[in-house]
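**Student:** Sequence:
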Amino acid sequence: MAMDPDNKLTDPARMFAAMKLPSMPDFETLLGAYRRNLEVFSAANRVALEGAQAVAKRNMEIMQQTMSELSENMRAIAATESPQGKAARHADLLKSAYERAVANTKELSDLIQRANTEALGLLNSRVMEAMDEMKALMEKSASEAPR
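Numbered according to the working numbering, the sequence shown spans residues 4 to 150.
Among the clues, some could well be false.
DSSO-like mimics (lysine-lysine), calculated; alpha carbons at most 27 Å apart, straight line [to be verified]:
{"id": "1", "residue 1": "LYS109", "residue 2": "LYS98"}
{"id": "2", "residue 1": "LYS109", "residue 2": "LYS60"}
{"id": "3", "residue 1": "LYS98", "residue 2": "LYS60"}
Calculated directly from the structure, the hints in this document are not laboratory data.
Sequences and hints are given; from them, build the entire structure.
**Tutor:** Here it is as structure tokens:
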């Protein structure tokens, strides 16, 4: 079976020439957008890591403080003479320990939220910029496309 030289389907060059594809966006522009994306992802990761380190450090400080206070409180309870005095001292210590635990949990939660908010803010800003860049590229491509 012989190939028909006038048939666009048998000649790939003619087939693609007949297709009207939009012009490709500028490669340097795309590469610049990709670089900016990587920079923002890197910055967001750095913020998240710094936040996680701050939480871990503060959590360790809280644990050390709690263990120190526990030791002091056990000595204070042991030094109390009467069973009623021990029970009252124990109740006071439990109440203050609970209040500190709630305050510490809130503090750690605030540290986490601050880091997450900052990291997500960076990402959100970059996504908005990328959308504007994509829109501008498409408008530019559409205006440069052959009609």
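**Student:** Hint by hint, say whether it matches the structure.
**Tutor:** Hint check results:
no.: 1; hint: LYS109 / LYS98; in the structure: holds (17 Å)
no.: 2; hint: LYS109 / LYS60; in the structure: holds (15 Å)
no.: 3; hint: LYS98 / LYS60; in the structure: holds (25 Å)
In this structure, every one of the numbered hints holds.
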